[in-house]
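Visitor: As you go down the protein sequences, you meet chains P and G in turn. Residue 140 in our numbering sits at position 140 of the first sequence, and the numbers go up by one each step. Counting the second sequence from 1 gives a position; our numbering is that position plus 153.
Calculated from the structure, these hints are not laboratory results. Accuracy of the hints is not assured; some may be wrong.
Now the stretches of chain G that chain P is said to cover, found in silico as 3 or more residues with beta-carbon under 8 Å [said to hold, decoys possible]: (1) 337-347; (2) 369-376.
Beyond 12 Å from chain P on every Cβ pair, some chain G residues (computed) [unchecked claim]: (3) Arg179; (4) Glu195; (5) Leu246; (6) Ala251; (7) Arg297; (8) Trp322; (9) Glu331; (10) Gln409.
Every beta carbon over 12 Å from chain P, so not counted as near; a handful from chain G, in silico [as the list claims (entries may be wrong)]: (11) Arg308; (12) Cys400; (13) Ala426.
None of the values given here were measured: they were computed from a predicted structure. Backbone N, C-alpha and C fix where the C-beta goes; we use that ideal spot for every residue, glycine too.
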Amino acid sequence: METLERILGEQPFFAGLNPEFLRLATGCANNVRFAAGEFICKEDDPADRFYLVRHGHVALQLFAPGRGAMTFQTVGPGEMFGMSWIAPPYKWTYDARALELTRALAVDGLCLRDKCDHDHDLGYELMQRFLSRTIESLHATRLQLLDVYGAKV
Amino acid sequence: MAMSETASMGGVEDRTIPCVGRVSARRIESSDVVTLDVETPEGPVRYAPGQFNMLTAFGVGESAISISGDPASGRLTHTVRAVGPVSRALCNLRPGDAIGVRGPFGVGWPIGTAATRDLLFVAGGLGLAPLRPAIYAALAERSRYGKIAILYGARSPDSIIFRRELEGWRGRFDLHVEATVDHALDDWRGHVGVVTNLISQVEFDAEQATAFACGPEIMMRFVAQALVAREMRESDIHLSMERNMKCGYGQCGHCQFGPFFVCRDGPVFAYEAIRPLLALREI
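Construct the complete structure from the given sequences, taking the supplied hints into account.
Guide: Next comes the structure, spelled out in structure tokens:
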């Protein structure tokens, strides 16, 4: 458990977290491993966890009939994905697939939500961190939507 | 500065008159991007990485195009995207066709003053073309520099330019090369996302690093902000600006950018010098 706590604390998302909060979060985390090509989650599945990638890369994709799987983001070491466990309807809104052998920490969202409900200081601290990641993600999405590399007309 | 001395009237250099060169080779980079090698009557040319030429498609018009080749080769190379009538005509040129050349113009990348430092090249789309001469120059004297990273963002896998070269650079042990695209289908195994995401994945000494960025202006703004967030100094970040260059040497005023003329004082500027101007809509 101590090792997992250290590993979790080394992840950028949890960096600098109060040790007591880190201990609480560690109680909801476990190591996971995915083979290349393996689906980690699928669109519309119940969203009950988020992932912190330690090794490998994961493609976040949407499938369109006639076009196949379209990747809109890749996530690598030190990065995280999965926010849908925070708010209803608690469903994944995309597919996540390991592009290569991928090791990650999976954090049980139900467990963490329960702890956040009971300790609002923990909840506030974590929600700030999730909000920060959400803003970064929105920022990047805006740039992608603008299609800045397209030819000027 | 061979190119600017090629056209003269009555013994006085006239930088408004192009010399007539010939296309010696043409390579298709992507569906709308072509690289042209150009031979001029004067033979080998000298230029600084980051400079540009005014290229003429005879009978159509003239356009400012960055030099994209290896400065040590003595060969003139330009990479052009077919966007408007002039650039489309340039892209349609074939080996043997005539092409007008004026230049080289402008201030290039301060690659020489970055010796001993870590180098970051951040390019978006066609922005890799003006950066490529600086990359060649750095690699020609690899031991003079610290870590070198090349980060490249493109719209999609099929719009990546200089793909073979990128793959070659990626195979070197003394370079960190990452490419990302905005959108991809299932067969792409690289990164997907904006180029700024790659900055967090590169190791460099922010105190001792120099960054060179080229691409759409909006991309460069966010790249510069991401580098400053990594504690780089604004004076160590250099951007290549694009405006409506016409004369090429600061006489006509078409490319005025606040107190600067992009063609004469740029196109490469330190972020520190132009940051306040980047947020202004009125210029």
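Visitor: Now tell me, hint by hint, if it's right for this structure.
Guide: To see whether the hints hold, each was checked on the structure:
no.: 1; hint: 337-347; result: holds (count 10)
no.: 2; hint: 369-376; result: holds (count 4)
no.: 3; hint: Arg179; result: 19 Å, holds
no.: 4; hint: Glu195; result: 33 Å, holds
no.: 5; hint: Leu246; result: 19 Å, holds
no.: 6; hint: Ala251; result: 26 Å, holds
no.: 7; hint: Arg297; result: 31 Å, holds
no.: 8; hint: Trp322; result: 20 Å, holds
no.: 9; hint: Glu331; result: 10 Å, violated
no.: 10; hint: Gln409; result: 19 Å, holds
no.: 11; hint: Arg308; result: 4 Å, violated
no.: 12; hint: Cys400; result: 21 Å, holds
no.: 13; hint: Ala426; result: 23 Å, holds
In terms of the numbered hints stated before, the structure departs from hints 9, 11, listed from lowest to highest.
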